[in-house]
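Engineer: Residues per chain are reported as follows:
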Amino acid sequence: MDSAAPKNRFTPREFWAWLSEVFDNYGILILAAILVIYPFLFDALNESIIWLEDNDWEETAEIVAEFRGFVPSTPLMIQILIYTLFGIAFNILLGNTGMLSLGHCAFFGVGGYTVGIMHAWIKPGTYAPDWMVSAFKVLPLEISLITCVIVSTFVAWLIGTICSTKRGVYFAMVTLSISMIFYYSAQTFDDLTGGTDGLGGLENMRLGSINLRVGIMDANITYYFVFIVSVVFIAAIWQVLRSPFGHVLRAVRENENRARICGYNVAKVRLMAFTMSGAISGIAGALAIIYGETVPIENIHFITSGQIVIITLFGGAGTFLGPAVGSFIYWYLRQLMSVEFVKYLAIFQYWEAWVGGIFVLIVLFVPSGILGTIRNMTLEYREKKLLNRKAVAEALAKNAEDEAATEAE
Amino acid sequence: MPILETKNLSKHFGALIAVDGVDYAVDSGELRSIIGPNGAGKTTFFNMIAGDLIPTSGQVIFDGADVSEVPAHERSHMGIGRTYQITNIFPKLSVLENIRIAAQSRKMTFNLWSTVPSHKELVEKSDGILERINLTEKRDELAGTLAHGEQRYLEIGIALATDPKLLLLDEPTAGMSPEETIQTGEFIKSLADPLTIVLVEHDMEVVLGISDKITVLHNGAFLAEGTVEEVRANAEVQRVYLRE
Amino acid sequence: MAAGGVEFSEFVQHLFLGLVQGSFWVLLALGLSIIFGLMGIINFGHGAFYMLGAYVGFTVSDLVFSPFLGPNAGFIVALAMVPVVMFALGMVFERYVISRIYNTENERFSGVLIMFGMSIFLPDFVRLIWGRPGKPFNIPPMFQFSLFKTGTLDITAYRSFTIITAAILVALLWVLIYKTNLGMMIRAGTNNNTMVKVLGINVSRIWRLTFGLGIALAGFSGVMIAPLFAVDATMGELILVQTFIVVVVGGMGSFIGPVIGGLILGQLWALTPLVGRTQYVVQNWTGTVIGPDFWEKASDILLFIVMAVILLLRPRGLFGQEGAFD
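These protein sequence lines map, in sequence, to chains A, B and C. Letter by letter, the first sequence follows residues 832 to 1240 in this note's numbering. Letter by letter, the second sequence follows residues 39 to 282 in this note's numbering. Letter by letter, the third sequence follows residues 3 to 328 in this note's numbering.
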């Protein structure tokens, strides 16, 4: 019986599994709590440096300042939140429906350009008709955001319809090609979009009467706006994925032919998923321009599609919060490389090469991503626990039998 | 009135004629078998009835309506359910989910706001089917981890969950042990009436044991049809099978 | 078409330029289709390898051989060596990277994603090695003359040379695919992957050869186009997407599809700028005349529109086989 008893010591593997179990149960709460107070934490760090300097603790202040370089700043967190939303929206397709779209830069970019163009051009002395200009002295963000939702939904529906006859890798190719039409259009119609320089001059973005961007350094209001919008849409996606429709998506991913024979209109299901994913990606794209006050043309280039595929795969395409982990690691690493590491090694300024290289390595060696790998470990660990328990129970039963046998003798 | 009828049904793949002008009719509640040597076009014939393939010429008439060009998912809603020769299930979903996803297709597709467990009738229906196919104990296991025979039963369960009027079974006993085969034969017989069943089968014992009527296809064309005794006595059939 | 303000010689000039552009598309699209036909992997890194070929060509020609042999011979050596180097590179890449994903879960997605990763990696890698600014790459002196010149019509020797070379290569590829054993296997793979396995052919070696061949074609196109355009790290991007368009329009899984598709789209691309100078006046919704400026820039966008229309009306492309790759 002793030999069958479970060992109480954790191996490192099991420790991680245990940690992920805790994360499974309380992770979202812990994460949300940190995110809610994050700007204050970062501000506190800044203020502590000032305080230390004021009180003649110069050396300590320097050390803390050095440390601050490795803490993600609030603007970086804004970026991470936006790409989390973008990644989770993208994962409706990749992780849940099994569709690889390489054209999501189109939605991200179109979302940003819609808000940007409305903000930049609905002003006196521009293309906009007079009644529009007189109606909105400064265009409130809620109007342009709603327009952005409508536009990106339509674009997603259109691209989805055009690509709907394609499957698998062919679908990836067609979505990539179609999405680039927007890039070259943005380049061509540069008087409207700013061309390769990006669309600048988007100051004074207002939500109702709240100015979303006060001063140059203060990112807090933008942060909270982005946070709330992201959380609302992530929650919506979460509900969709656990709804009956979400189950249909996974059925289509697992076995398209069987889903069709079960009576599902697979083409329609795929189009619906694509449209939903594209529309929410458009919103993420709109959020992405608020802090920077520009729409960089890179947003609509297929590098952006690449980024979101990397983020999703790295975090784990089969998991819900995988893109959040992926987004954090991606942007944090990129920031570290281009600001901190590059001080020591010039090679780190070529971050696209790093991204591409790491991407290939992920596909080769960690295909299920970080959260996916951890989840697999958890399952293994649980199974082991279950087996152990079974073994104990069997051993006990056998003992009892043996005892009964001896007694009978 | 027959529930299923094909008129001069043909399918060509380039120069290859897989099914060649087959006329066929099944009455409601019957249990019918289709036999024939390999390459006789049995599976292609099924594929055209279920909608996986669109016929080159001819008609499929189901329940009085011409469905020759109707997409497969709509035929499923009209009441045609099928299984495949090579097991075709959702291997990475649990056994219960496999059945439930099929049952759900009768109720809703684009329902975004509720959760699946809140639809009690789905769960009850799935549990009922799991009991019929004897997989209640394994409801939470991944379908891909089941034994081969269990997967075959699960596939029949998936088809049953879509409330079919006509059930097409493509070699349901393929790869089963002799005992399993006999059991499966009895199980299929228990499903028949009110359900109409058409069966493609290699195992002659099953076919001879349970079928009301047997149809023989050869080289894509109709060869013979009749009760077990009639087909057995048919000289043509004997020639084809003996030569093999 | 050649009406109004467009002279006939200008029209012919544009036809000629379209033919040059089209032949490059044909070469790239054929490489792409061969790799896809056999391995089921869409090579998203095709443009990047094309770009790499141009840089390798630059190094071979300008840095290594030209100082000793003169620019003419240097260029010829580059033309000969780049395909060999790229072929070897492609084989090595297949052996040590792509072969790892065979028979894994999601084999096809992984292949596509690896090549997509390469299309992000290689441009920056090239910047790291060769520096950020592009490289000048001159037309070798022996090609610096015109075969025919009148008014605006200028049939230059080098452009003619590229067309002829491309035509020869396409002919060679046709022979390879329809007349050799390797080609038979490639076609067999195109139609039925398992058949090749059943026949007991050493599949992995054929895949390696094919991949190397596709990459070599891409690299060769890169070095051949280098004297016409600037050699730059981003030169593979636009042409990758254009190659995709050619393949979609022509239809995958056929030999004739990419050839005809590339030539038609090349003409369309080259002739669009002329529209602005014809007698026909096109207005936009506010009534403003759309000027020549717009049509100069519209070529690239028009290709996308053609692709979208083809996808909607004829999803398998002009010459694609039914249901082959959907």
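Worth flagging that the hints you see were computed from the coordinates, not collected in a lab. Any given hint could be a false lead.
What the hints assert, rightly or not - Quick partial rundown of chain A residues pointing at chain C, CB under 8 angstroms, derived from the structure: (1) Thr996; (2) Glu1183; (3) Val1197; (4) Gly1203.
Owing to the predicted nature of the structure, the values given are computational and were not obtained by experimental measurement. Using N, Cα and C, we set each Cβ at its ideal position, and we do this for glycine too.
Engineer: Hint by hint, note whether the structure agrees.
Structural biologist: Evaluation of the provided hints:
Here the hint on A/Thr996 is kept, as its CB sits about 4 angstroms from the closest CB of chain C, short of 8 angstroms. The closest approach between the C-beta of A/Glu1183 and any C-beta of chain C is roughly 4 angstroms, which is under the 8 angstroms cut-off, so the hint is satisfied. For A/Val1197, the suggested interface contact is broken, since its CB lies about 12 angstroms from the closest CB of chain C, more than 8 angstroms. Interface hint at A/Gly1203: violated, since its Cβ lies 12 angstroms from the closest Cβ of chain C, which is beyond the 8 angstroms cut-off.
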